[in-house]
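Number of protein chains: 4
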Amino acid sequence: MKAVREVEFEGHLIDSMIFPRVLDSILDLEGEFEILEFRVGKRKTDTSYAKLLVMGRDEDHLREILTELHRLGGQIPDVEDVDVEIAPKDKVVPKGFYSTTNYPTYVKYRGEWLPVENIGMDKIIVIDGNQAVSKFISQIKKGDLVVVGEKGVKVIPPERPREKTFFKFMGGGVSSERPSTQTIERIAGEMIKVKNRDGKIAIVAGPAVVHTGADEALAKIIRMGFVDLLLSGNALAVHDIEYNLYGTSLGMDVKTGEPVPGGHKHHIYAISEIISAGSIKKAVEKGILKSGIMYECTVNNVPYILAGSIRDDGPLPEVITDAVEAKVKMAEAIKDIDFVLMFSTMLHSIAVGNLLPFNVTTVCVDINPSTVTKLMDRGSAQAIGVVTDIGVFLPMLAEKLEEMSEK
Amino acid sequence: MKAVREVEFEGHLIDSMIFPRVLDSILDLEGEFEILEFRVGKRKTDTSYAKLLVMGRDEDHLREILTELHRLGGQIPDVEDVDVEIAPKDKVVPKGFYSTTNYPTYVKYRGEWLPVENIGMDKIIVIDGNQAVSKFISQIKKGDLVVVGEKGVKVIPPERPREKTFFKFMGGGVSSERPSTQTIERIAGEMIKVKNRDGKIAIVAGPAVVHTGADEALAKIIRMGFVDLLLSGNALAVHDIEYNLYGTSLGMDVKTGEPVPGGHKHHIYAISEIISAGSIKKAVEKGILKSGIMYECTVNNVPYILAGSIRDDGPLPEVITDAVEAKVKMAEAIKDIDFVLMFSTMLHSIAVGNLLPFNVTTVCVDINPSTVTKLMDRGSAQAIGVVTDIGVFLPMLAEKLEEMSEK
Amino acid sequence: MKAVREVEFEGHLIDSMIFPRVLDSILDLEGEFEILEFRVGKRKTDTSYAKLLVMGRDEDHLREILTELHRLGGQIPDVEDVDVEIAPKDKVVPKGFYSTTNYPTYVKYRGEWLPVENIGMDKIIVIDGNQAVSKFISQIKKGDLVVVGEKGVKVIPPERPREKTFFKFMGGGVSSERPSTQTIERIAGEMIKVKNRDGKIAIVAGPAVVHTGADEALAKIIRMGFVDLLLSGNALAVHDIEYNLYGTSLGMDVKTGEPVPGGHKHHIYAISEIISAGSIKKAVEKGILKSGIMYECTVNNVPYILAGSIRDDGPLPEVITDAVEAKVKMAEAIKDIDFVLMFSTMLHSIAVGNLLPFNVTTVCVDINPSTVTKLMDRGSAQAIGVVTDIGVFLPMLAEKLEEMSEK
Amino acid sequence: MKAVREVEFEGHLIDSMIFPRVLDSILDLEGEFEILEFRVGKRKTDTSYAKLLVMGRDEDHLREILTELHRLGGQIPDVEDVDVEIAPKDKVVPKGFYSTTNYPTYVKYRGEWLPVENIGMDKIIVIDGNQAVSKFISQIKKGDLVVVGEKGVKVIPPERPREKTFFKFMGGGVSSERPSTQTIERIAGEMIKVKNRDGKIAIVAGPAVVHTGADEALAKIIRMGFVDLLLSGNALAVHDIEYNLYGTSLGMDVKTGEPVPGGHKHHIYAISEIISAGSIKKAVEKGILKSGIMYECTVNNVPYILAGSIRDDGPLPEVITDAVEAKVKMAEAIKDIDFVLMFSTMLHSIAVGNLLPFNVTTVCVDINPSTVTKLMDRGSAQAIGVVTDIGVFLPMLAEKLEEMSEK
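Protein chains in written order, with the working numbering: chain X, 1 to 407; chain L, 1 to 407; chain A, 1 to 407; chain F, 1 to 407.
Take these hints with a grain of salt, some might be off.
One copy or two, either will do: identical chains are not told apart, so a pair holds if it fits within one copy or between any two.
Unchecked claim - Computed cross-link-like contacts, DSS-like style, restricted to lysine-lysine with a CA-CA straight-line distance of at most 27 Å: (1) K220 <-> K151; (2) K142 <-> K400; (3) K141 <-> K265; (4) K286 <-> K95; (5) K286 <-> K142; (6) K265 <-> K335; (7) K265 <-> K374.
Just so you know, the hints here were simulated from the structure itself, not pulled from any lab data. Fair warning: this is a prediction, and the values are worked out from it, not measured in the lab.
Start from the sequences, fold in the hints, and give me the full structure.
Written out as structure tokens, the structure is:
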């Protein structure tokens, strides 16, 4: 027997391409629909509204369709509460658990709409008292009340803003054929705007920042107050410290580009020196480390998370070597970030991308277009790719930030 | 006052390009030399011998030059014992510590030449009773006897074999313009040779093996007995298990390429299922997991190490989440490996590359040439790069191995 | 004074994303609209219809908006004839000339809708008696009647077919993470379908086809009758002939991968041999050239166009060295092609892409993702990218075609 | 019967790696050798000398070995004159013709050593009266006296200079991990040095220079007098002219990054405008074109060659559409160039690379590492690769040139 249900959509349905995707999804799944109401907003600020009657072959088929529509923001009028089931063991999910998107999400529980905290991709919603929190599977405890099915869950899909914005300039895709200095100017402008409204900026950076000679520029950007969080790994910190203690990067003199005798041991000395001092923080306090990215973070109270990897030498004392612990700390740290800049690191960029809510502006700068392509393929569709050389990009960005801040 | 010393070199000095590099190094460092003796081998099997008188401005200058010559295999006749110093703290190295290369290395201690065990790049040599072992800085303990300086240390630099070999065919560089099917045939031939002489083969693999549909081919290669060790991460195992439990990869039906309703949850279900069973091993025993890469490893007793990363969902119970622990276990596991194949993973390839002695044949297969370039830049100069699509490479390799094994 | 006009749209407005782009364009250009009618098709086969009232600040502003809507298929009811102006000189266009898209296009002239022949990107429409032809600027003659403005021009924008098709499987984007052997099977299936309905297939190929050892596979595909046109350059032909005359590619023995003494001269000998014979055709007739891609084209009467470039040695007699002449001949040759496969050549792929009408299925196979990205950036949005190794792809494709043809 | 011959080598045999390659080649070809004399230079300025007795199985085998040694600079004492044969037809080479390298080359003819003019890769040496010229196969005329065999031909293989130079800093390979701003400074320094000694600089540039917004920087570098020759194609000139006439690139406003209404027609208008004026030169004279790369070339009398390609729209009147004619003109124009900078064009970079003698410093700047890899694979081993974003590189280079010129 055919099953039918009314579904409502509201928002910038047309220009955000949501409405076409709704109809498309229904037809793809071999369902049927009737448009009961359709009001298009006529001005930039107007939203649209649509009410559809959706039909499936039977209740199972209909549920399958509604699951897809739900992810596009579809609401069933007179929503009931979410269904919950109890997690049978630690780290084990009940069948039919609701898997989150990276869009803002609400659940109706005991008649009230609760916002889901710490939203991110592929997480699990747990009802805890009067709160809804999203958890990684590693954080699920036996007995947790896990949301199952889509009933009572509301997601707010992204809306492409109509005004001529940063994003519009940057365009989609990953083409390396955009005017580069204009791009840098726009990013600087956006960073200043974010800071002017007391927003927070996170930097995700790989060791190429040091190898390409851009570390002084990044240190300067931190010193100017544009960075509220640094997410990186052991390698960036080791190479930054090596450079600031010995003037070398990968054992080569950065100024002359020539190998320094014994230079291949410098990065191990850098690690040993910091371990001997106790930590990066203590090395700064003791006057051992006097400049560089890690120094600026320390003296400017910019928190950083250094996540360990199997490629690490050392590692430095501050490095969190446990991947699960590092991921949880990273998720916690980026909670109130408004703008993320990713520099030359595929591992950290994709890891952070997974943790970011969709509405966080994300710019990924890498000379390798595949880093950006993969970031987007992994669901961080909001990311803007800039294919350029970080070694020239960062010095120019620092310069632009200085120029534009003075105005 | 000028300082002079005699230095000897022995081996395939000419064709391995060592002798030119020796003279070049001396002149670069502004030293002088006189060739006291020079005998070139006249046949393929002959080695050459050279004795030089090396001059520096003073003892310090000379020592600097000798440090470089040492890395090229230079020996000072009538060698004395190594110097050792005591590590002042855990994870802290004495000044002047000897930093290892990935070439076979010996130290003269109490008049005897001890081979250095577990050789790998950028490690520290510790004398332990009558043994010399190389350690990561993280493994240094307060009180360890650490080798300092180059005195009494002998390295055997690599020699390019004169016979027409596998390497010669593969050539250097990373060009993607080599006949692909011939390349696959050569690799298969080399794998069969290694197994015929009871050698051991390790596979380092990323999740693209599953995404590109090459997992069945890899499972088959394991089943045929060509794999003695698998080094990978959580993602490969999760996606392999997802595919073998639900027929999907990244939520898409691998056969049709279309998204499956609810498929985006499959990888979390896969993790949950394995955690619920207790481990991958138990899931195989309980008949839950019946095919695939991890299944074949389990039933064929092929050891595997899954190293955690901040990108991981879950992770699975067998994953080693601590990076330092994972690295130590990986170094241990690859000790007696003769041939390493790396498939589509920059992180694991470079991490394993750092741990490999120079004489282990290493083939790195990736569609992204920069993975191979970076691997070589990081010191794994012995690696052979094959720029191809793993999704077509592995099925063809499995086919060739089958054909050629039958003969 | 405000200017208004009614504009109609018809077709698969919703799922082809046209309607949202229409409204978006109006708002972007600061115009206004009212939706007078909107009928959405309810089934796969239904088309939609919309009538809008579009408003601009004045006639100029409105015209600007209508120009954009026109490119999206917008029609002003009761269309008048196109305006034409006379070209003032050879190769000089009148101001305001209509620049074509690669969509099917019609012009209303003397009350009749004439289809525009030879449609392609950025061309100029000329009325010639009772015909409308599109020309390159190099083909414009003094006195030509050139269409100006959008009035009376109708374009049929692409519609994404609703059925589950080849395209759907291949998906958008350029990700290299799709199951490779499935992809090859789909392409083989599509080629067989095209031939079964008497369609025509063109191959665009670069010399990497030979260097990677895939030339025998391509020769076989031609021999099996799957190729109706080959578009390439001097290099492919020279290297194919070098291989088939001397067994080498770039002077290396393809079977052993080793350089052959004197092999670096083989490609010049190949050129000299063919010039001496008179042409490729004559070299085949004289029994000099007995196998390979060019041989198979010759004996199977598959036309080919070899376009010259500044990188060429020789070139061979059949090569068209004048770029303008080559482009015109290529445009002529692809007129009735239904399916284009592009193999490992950025130059020829983009050149051919520019000449192709939008409705020609285009698959671009390259190991370098930037070839595909650039092809799409240049307007060939219909192209499907397959990032793989042509050296394994082509042998597998030939095998699949053979298997599947037998059924 | 065994055949023997004495062969001499002179030059920087050791540090240029030539001597090892000599011995290696003999052994690879299964020959034998005895070192009769070997004197190594002891100082930077000294050359080395070696005399070998080389043995082959018979005369044929020995000749094969000598052919290889010849390419490495080997000289047979008491050299006889070259052998010559008459070309049987236009564009047809005699069997055994000598194929040139890109090293400086001399031929002994009638007892005198004649330098070979216009040396480049894979060319043919023709004796013309008392001159030796190298020709493309397309330039061979019936009756030409073509040099065959290696007898009487001397090549001067490249020597790696011992002083710490530009090249040493730039290093080999194509790694993108070098300090970028230092690299730019070095290139600027080298350009200034070349101009200070009245050397000549050629620029090879693709249209990405305009798309990435670097055209004003290039125009400025030309205006400052650093460019003596521009080699490019139609696209660069069209996009430069489009930008300077209409402020757009690919139809987008370069300042705002937004599409301009009707902007997609601008490049055709630009072509039409120039054709209407008669030529770029006339457009400058008539005051139509007032700025940009082509304008600066015109007013500063910097010659340029625009070579046609099948991707071209138009083309512009100055474009040489015939590939053979363009190649010959390019070879002529670069004859006395000392330094070549290649910007973002694979086609033109490889084409020019083929034409360049080995001793011309060549720097190839591209964001795509495969352009540099391919350039080197094609024999331009002297090329230095810089993997960076031309859109930031050129503005920084212009700035550095200005700063450093003022000192």
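Going down the list of hints, with the structure as the test:
1. K220 <-> K151: neither (50 Å within a copy, 43 Å between copies)
2. K142 <-> K400: So K142 and K400 fail the 27 Å test inside a copy (52 Å) and across (49 Å) alike.
3. K141 <-> K265: Classified as between: cross-chain Cα gap 19 Å, same-chain 46 Å, threshold 27 Å.
4. K286 <-> K95: Only across copies: K286 and K95 sit 19 Å apart there, 55 Å inside one copy, limit 27 Å.
5. K286 <-> K142: between (47 Å within a copy, 22 Å between copies)
6. K265 <-> K335: Classified as between: cross-chain Cα gap 24 Å, same-chain 39 Å, threshold 27 Å.
7. K265 <-> K374: between (35 Å within a copy, 20 Å between copies)
Hint compliance for this structure: hints 1 and 2 are not met, and every other hint is.
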